[in-house]
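Protein chains in written order, with this note's numbering: chain A, 1 to 282; chain B, 1 to 172.
Derived from the structure by calculation, the hints contain no laboratory data. Mixed in with the good hints there might be a few duds.
Claimed, not checked - Heads up, simulated DSSO-like pairs for lysine-lysine below, C-alpha to C-alpha not over 30 Å straight-line:
hint, chain 1, residue 1, chain 2, residue 2
1, A, 81, A, 94
2, A, 133, A, 250
3, A, 191, A, 111
4, B, 169, A, 24
5, A, 24, B, 108
6, A, 256, A, 210
In this text the structure is predicted, and so the values were computed from the model without any measurement.
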Amino acid sequence: MATGRDDFVIAFRSAFLKKKDKQKFSLLSLILLSIVVIILSNINFKPIQFVKIGINEIIYRSSYIASKPENYVKELTFKIKDHIDLFENYKVIKLELENLKQEKITNNFLKSENEKLRNLINENINSDEILAKVLIDRESPFLKSIILNKGTKDNVKMGMAIIDGVYLVGQIIEVNYTNSRALLLSDLNSKIPSVLAPQNIQAVVSGTGKDYGIIEHTKDDIENDLNKIDSIIYTSGLGGLFKPGIPIGKISKDSKSKVNFFSDFTQLNYIKISSFSIGDKN
Amino acid sequence: MSSLNKSTFFRAFLSYLPLIILFISVFNEFDFNYLKIENFSFNFVYILIFYWTLRNPDSLGYFSIFLAGIINDVVIGIPIGTSSLCYLILCAVTAYIRNITLSPNFVKDWFSFLFTMILINSIQVIILDLIFLIEINYTSYVVNTGFTFLFYPIFFVVFNFLTELILQKKND
Chain A
1 MATGRDDFVI AFRSAFLKKK DKQKFSLLSL ILLSIVVIIL SNINFKPIQF
51 VKIGINEIIY RSSYIASKPE NYVKELTFKI KDHIDLFENY KVIKLELENL
101 KQEKITNNFL KSENEKLRNL INENINSDEI LAKVLIDRES PFLKSIILNK
151 GTKDNVKMGM AIIDGVYLVG QIIEVNYTNS RALLLSDLNS KIPSVLAPQN
201 IQAVVSGTGK DYGIIEHTKD DIENDLNKID SIIYTSGLGG LFKPGIPIGK
251 ISKDSKSKVN FFSDFTQLNY IKISSFSIGD KN
Chain B
1 MSSLNKSTFF RAFLSYLPLI ILFISVFNEF DFNYLKIENF SFNFVYILIF
51 YWTLRNPDSL GYFSIFLAGI INDVVIGIPI GTSSLCYLIL CAVTAYIRNI
101 TLSPNFVKDW FSFLFTMILI NSIQVIILDL IFLIEINYTS YVVNTGFTFL
151 FYPIFFVVFN FLTELILQKK ND
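Let the sequences and hints guide you as you build the complete structure.
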């Protein structure tokens with residue numbers, strides 16, 4: 001019994017403390033270093049934050065360069081697929097265009113009516129947009145985020161909205177000097193205050209870790225309302241982070257309350273980083 | 001062609017190949033850990049580190065593994081040091097197995113790999129979910145662990161072939 005325990009201790013000590021011929025560091029020292037790094041990287045102390053930003057800058061740029069060949073192949077695959085599907089897409093797009101033309105006429109009326117109403121209450125919304133390129137979109141099964149090529153030097157701040165065309169994609173969660181990280185709507189940690197139209201229900205859109213979202217924190221059970229008609233989800237502007245009315249996604253009446261995001265997060269190349277302010281006209 | 005095979009460059013390239021694959025895996029956007037297929041993913045880096053530190057420990061230095069972990073954390077956006085800690089615990093287990101094993105047995109290694117993965121994924125969950133309050137999907141972890149375990153024999157064969165090639169070139 002004692003010999004068995006001795007063998008265990010010897011094997012354990014040898015594994016953790018002994019350096020092999022080609023190993024410059026012992027395992028124990030590196031494990032301790034990892035723990036120290038985990039603790040330090042989360043301490044809000046300026047010099048440590050600067051070191052962290054420096055590491056991020058170097059690794060993001062290196063990762064962008066390392067991913068170049070793979071991105072080229074990916075782009076080429078999409079181009080070939082687009083060419084193959086050209087005729088099929090043409091028919092679908094033609095039909096969509098016809099519908100959009102009709103909708104545009106209605107929207108123009110609503111837009112002017114909205115402006116008139118805002119003028120009546122003496123309110124206006126100003127928004128600034130920064131165009132950014134997606135450097136890395138490596139997602140993990142646990143975290144969904146992208147790296148953008150704009151940082152503090154371009155006035156990017158925490159919490160700013162990320163917009164693809166007119167659709168909301170996510171928000172800034174980390175800012176470095178020349179780049180930043182945005183959390184996508186599909187991430188489990190993403191919670192966006194939103195409003196469901198046409199029901200006009202305030203809710204929170206949460207990510208699921210998959211390519212769809214769910215509706216949370218509604219006052220009543222809205223399952224029946226959602227099953228009757230297709231719903232469009234917009235940002236509500238509550239919390240003051242996002243401009244109200246940015247389209248997020250759609251809940252089809254037969255989709256069992258799943259939010260299908262308008263933007264395809266796997267196809268993001270260029271996005272807009274947006275901030276806004278609501279104030280009086282004067 | 002034969003002169004190319006015998007060149008020192010090719011020999012050096014082969015001996016550094018595990019290290020090159022490790023760094024490409026953590027730097028590159030393409031990730032076996034997230035293949036965009038519903039309920040399917042496996043952790044290639046775990047397989048790579050487990051195999052090479054167990055069978056050919058001189059090919060992967062502990063410091064390189066530590067560095068690869070730091071890079072992986074920065075790229076995927078989890079607290080820096082988490083992956084390094086997990087990778088190094090994997091190395092510690094392989095070092096322990098090497099010390100207590102006289103003749104290597106594939107099945108024993110394979111099941112040790114499963115237990116090690118359960119251990120390190122539990123540590124990762126504790127760090128992310130309980131300490132840093134980052135919401136994570138437990139099912140993804142279970143699926144990931146299962147497929148990584150199932151894929152180990154396939155990569156074992158590939159890496160064995162590579163090991164033989166490296167040894168062959170070393171002896172040339």
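Has the given pair, residue 133 (chain A) with residue 250 (chain A), been kept, meaning a C-alpha gap of at most 30 Å? Roughly 26 Å separates the two Cα atoms, so the pair holds.
With the threshold set at 30 Å, check whether the alpha-carbon distance from residue 24 (chain A) to residue 108 (chain B) stays at or below it. holds, 29 Å
Could you grab the alpha-carbon distance between residue 81 (chain A) and residue 94 (chain A) and see if it respects the 30 Å cut-off? At roughly 19 Å apart (the allowed maximum being 30 Å), residue 94 (chain A) and residue 81 (chain A) satisfy the hint.
Does the structure keep residue 191 (chain A) and residue 111 (chain A) at a Cα separation of 30 Å or less? holds, 28 Å
Within a Cα-Cα threshold of 30 Å, do residue 256 (chain A) and residue 210 (chain A) meet the stated pairing? holds, 15 Å
Pair hint outcome, residue 169 (chain B) versus residue 24 (chain A) [Cα-Cα no greater than 30 Å]: holds, 25 Å
In this structure, every one of the numbered hints holds.
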